[in-house]
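One letter stands for each residue in the lines below.
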Amino acid sequence: MSKRVNYALFAVVVLAALLLPLTSNDYLIQVATGIAMYAALASSWNLIGGLTGYPSFGNVAFFGLGAVLAAALSVNLHWPYIDAALAAVLGSGLFGLVLGLPLLRLRGHYFSIATLALAEATMAVVTNVNFLGGGQGFSLPLLGSGKIFYYLMLGIAVLAAAGTYLIINSHFGNILLAIKSDELAAQSVGVNTVLAKSTAFALSAVLGAMVGVVYALWQSYIDPPTVFDPGITVFMLVMTLMGGAGTVAGPVLGAVIIGVLTQLAMSFSKNASSLLLGLGIMAVVLFLPRGILGVHRPAKGGERRGARPLRG
Amino acid sequence: MVRKSVKLTGLFMAVSLLLVAALAGCGSQGAKQNTSNASAADTITIGAPDAATGALANEGKLVHDGYTLWQDVVNKQGGLLVGGKRYKINLVFKDDQSKPDNDKSLTEQMITQDGIKLFLSPYASPNIFAASTVAESHKVPMIAAGGGAKKIFERGYKYIFSSYPYSGEYLGSVLDLLKGRGIKTVAFLHADDLFSQEADQGGEAYAKSHGFDVVYSAQYPSGATDLSSQLTQIAQKKADALIGTGHFEEAVQLVKQAKQMNVNFKAMAFTVGPTMPAFAQNLGKDAEGVLGASLWTPDLPYKDDVFGTAAQYAALYKQSFGTEPDYHAAMASAAAEMMGLAIQKAGSADPQKVRDALAGLGTVHLFDGSFTIEPNGSIKGLVLPVIQIQNGKAVTVWPAPFDKNIKDIPLPPWSKR
Amino acid sequence: MHLWGQIIVNGILQGGVLGISALAFSLQWGVMDLINLAHGSFQILAAYLALTLLNSLGIDPFLSLPLIFLLFFAAGYLLQLWIINRVISANLFMTLLLTFGMDFVLANLMILLFSADYKSINTGYANASLHLAGIELPVVRLLALLFLIVLSVLLWLFLEYSRTGRAIRATAMERESARLMGIKIPAVYALTFGLGSGLAAVGGVFFGLSNTFSPAAGGPLTVGAFVVTILGGVGTSWGPLAGGLILGLLEAVGSVVFGPTYVNVITFGLLLLVLIIRPTGVLGRAAR
Amino acid sequence: MREVGKSFGGLQVLEGISFSLTEGSITGLIGPNGAGKSTLVNLIGGADRPNRGEIYFHSLRVDHLPVWRIARLGLVRTFQVTRIFNDLTLRENIRLAGWTGGLRGRKLETEVDGIMQLCELETKAGVPGRDLSLPEQKRLQLARALALKPKLLLLDEVMAGLNPAELDRAIQILRVLRDRGVTMLVIEHLMRVIMGISDRVLVLHQGSLIADGPPEQVVGLSRVQEAYLGRRYVQNRETAAANGSGGVSGC
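Chains as they are written, first to last, in the numbering used here: chain D, 9 to 320; chain A, 3 to 419; chain Y, 1272 to 1559; chain Z, 37 to 287.
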């Protein structure tokens, strides 16, 4: 019964989103495209950060790599963009899978920093490889109306949300939640946690890269500082935590709220928009510390682990 | 199971609807405001996303002030004379937080919600890239002031114009100056972003073809805070001159560390840095003698009807904003002025007509010099000056006859200062 | 000039600048498991304060340093007591979010207060250096290294031998047991954050003396502190010194051998390697 | 298990441990606090690697296999401090183990139902792990281990903190398991439990095995009593025995 209502609500939300372009308000579509993009990115973060309990600070690496690879293949090798996009998504997923193996052995803050380093190192390498555009980046042909990109981003966001829903209600989802609760115990009941974590990381990478390839075409110009901006990862994290980590709707809700708040702040104030946004985030943390959906589960069973003593 | 309950989804719906409503409401409010302005029928509104906050806020403010000065001067003159009627200029700024993403959405917002059809660009090449795609797809003209990356104009866009020459041309005048001062070996050090790379490549190619010996060339990551080891290396190569192409902080850091490391050059020159008043303020007497590739100085012998001479422009600027203008501000004012000229030539503020007028402006003579608008929207023919810091002020030392102002080339060693 | 001798010295001195900037970050992380994303903006704010005191009252930064330390200590203490403590026990990542918001607020406030202009604290000795056996030793960087060593020793003595320091260490090791032993956790946290803020301010003044800054300069400083803290190891008083020296030397030597453009590849590549091989850093405790 | 040794830093925790377990038997492992019991379980379960020696399960060497592989071989452990999945419901906790144990679909659900019944947890099926009481969590741990169809079960103080009634119930469960042919290594502080169910008892003291044999025999060894109860107690008792005034009865 409650499930049926949920499906109905999901359908209504998707339908409303599909019909949004009928307003033919291009600004609204532009903003909505950005929100859909971040909803997809936050959902991708949620897979590894929210469900599995591994707080990645480097997911922007996959977004950036997807964008850069797709652009490089289409500009330098003259591949059709759709082929380039597919290759870029697969490549980034593989990248996530391979790097996930060593990185996912780390826990807590150490994992966070390692992923941050991963993103920064990826950017540094891309900046120095001419085939990948170097520091100069790529400019891609301008394509049709903004509606295409809205639907593409919305499609990825829906895919991400639906995927999250399916995962949460599957055995795989249980495995991820078990890893988040207690990884050793999960291993002790026979779960190959390395494989499960790496799969989640790779799925997260694939979704991030999908957004990246669409973003490159949407922006039509990309350069490393823009597509590897660590702030993008921070936004994924902030949106997910704000909406409710480990939930299906949380990342989407977070993306909608932050996206709209950003636009409102920029419209209301000429030179204090960051201040307003910052205060907004602080207010949410102070007054809704468990995320808006309120079912936020504290990372790793609610215990604050990893505190280390200062010693001489 | 509490993972996804009906109540929460309901809440989610309600909150999103509320927010969308707020957004739409806010947007339409803005639109209303502007239509009421436009209904006065004697106002021309021009949009400009700009960097009021974020990493580019500093240069963003200079560009903002440059645009604003043109608006204020024109309005003080009674407005822009178009087809015998004077129109007030209304510039609408929106903070992009220095992020290209926001430039897209802000430009879109100004076009579709606020009904703005003419644009001046945000600062910095990546931001111009982003904003110009929106302008292009809506077929509204945008004049860029704040980025001369060649790539912007190689995309075949029809609605993007610029008041800046290509980045690759910035260093030509500096090298011409050095050539006449007995400099033979030069070291190039540049940041890894688009603008710095283009400027450096242009400069290095110019140096090699003009008989210089490039003894060192390296790229560093943007935002580098320690370049002392590069300076140590350059000292070993015995370079006569150091040419740095990067950002403001890096230029200051290079001068600081050259002194700290006691690395002496006969000349030091930078693209971004010396032209801004903050450069001499930050470095004090250590800035003395440093050369800066500029696009404009108040000493240049050009003038136009809006601002008068370059010197008068500088006076007006100082009166309004309290500081000396540097080229960022002047080039922004020039971009705004180009927009004014095009509107006058078109005889209307219709975006298509203004675009066609811009494309057909040909050679124009403004307070920042004479230049020709190319078919791809870039400009050609601007004579680029060079400045030198003397007694804490930027003094024009190039082109001739200003070369008589050159002092201290070769620079005295740090120990003798 | 000895090329390699000078380059090694450059690396060591840059290590001092990097290390002193990470001292506070490491302390807050080690004791409270708090990653302060506003760390860099705290430092920039301190640099502005030192600059304002120099320009308006003519007080040399080294004279105003104790005052700035105390001001930041007090501000940090109250910030932790009134705001951060409210969420610090709720969830690890809520504090991340909170400090992320704080960073936005601080960076924007600084633009409103000081404008977006680039500034540096330009004293007579800011660009001076000592010459020693053909090697140049920039005074400010040398002082940064000395301060880092002295502060590390003081911090170690404080944590090891003072009553309060022991309470802080006990809290860091096992919060629950510390509370059962009668230690007032909120007060210890406030003290730690205050101490951290004071140390951040010291690092910020040194950054202002050795570099140009603007309100937006905080982000890279935070990332730098991250790297140094991990390289040196979380949870030791000597971590920032060790991490700073490692990173400084690595960047100096790497930028000459491979070219400066590869500095970030080397830095972050090494960071990844260290994390994978020895996640507790060079001086950190053995893996639990 | 051959000549297994483990040290942490400079501290030698286990030294030269060798023993093998008979299929279908219950072996008790006792020893004072800090004797190395939990370390031993960690080594067998794969959570830790021995510095020296080898561990075999049937004829397969397991001391370098990952924990999850060992678990899938049927060598299943529980934890001294209960480690259950807080974010999953009780049923999901058990079902997860059943799944990795190789069951699917209807069979899996039936098995889960059966185990919940055996451990008397069926009323709590939908409760999230974090909301269960401690005895429930302990039983859940056991239930989860059972769902893996263990051949060898390592039970690390599964009964600590239970009241007498719960204790009896737990012992009952272990007996049922033995009758099904599950081999067990039971670590317990409570002598009553060990004595009641073990076919054989191992005594660990300061990292070495000091006794191995049937429970009645082991408990009578003076070195065991010394390790457990302290030298003075043993001396007193010996004096008392010499005086002809009877001994202790188990503990």
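Fair warning: there could be bad hints in the mix.
Unchecked claim - Think about it this way: if two alpha-carbon atoms lie no more than 27 Å apart in a straight line, the pair counts; the simulated DSSO-like pairs of lysine-lysine are:
1. A:K210 to D:K155
2. Z:K185 to Z:K160
3. A:K239 to D:K155
4. A:K181 to A:K418
5. A:K181 to A:K347
6. A:K152 to A:K210
7. A:K90 to A:K395
8. A:K418 to D:K155
9. A:K90 to A:K181
Calculated from the structure, these hints are not laboratory results.
Against the structure, the hints:
1. A:K210 to D:K155: violated, 49 Å
2. Z:K185 to Z:K160: Holds, at roughly 22 Å.
3. A:K239 to D:K155: violated, 56 Å
4. A:K181 to A:K418: holds, 24 Å
5. A:K181 to A:K347: The hint is violated at about 42 Å.
6. A:K152 to A:K210: At roughly 21 Å apart (the allowed maximum being 27 Å), A:K210 and A:K152 satisfy the hint.
7. A:K90 to A:K395: violated, 36 Å
8. A:K418 to D:K155: Distance of about 65 Å is beyond 27 Å: violated.
9. A:K90 to A:K181: The given pair, whose Cα atoms are some 48 Å apart, is violated under the 27 Å limit.
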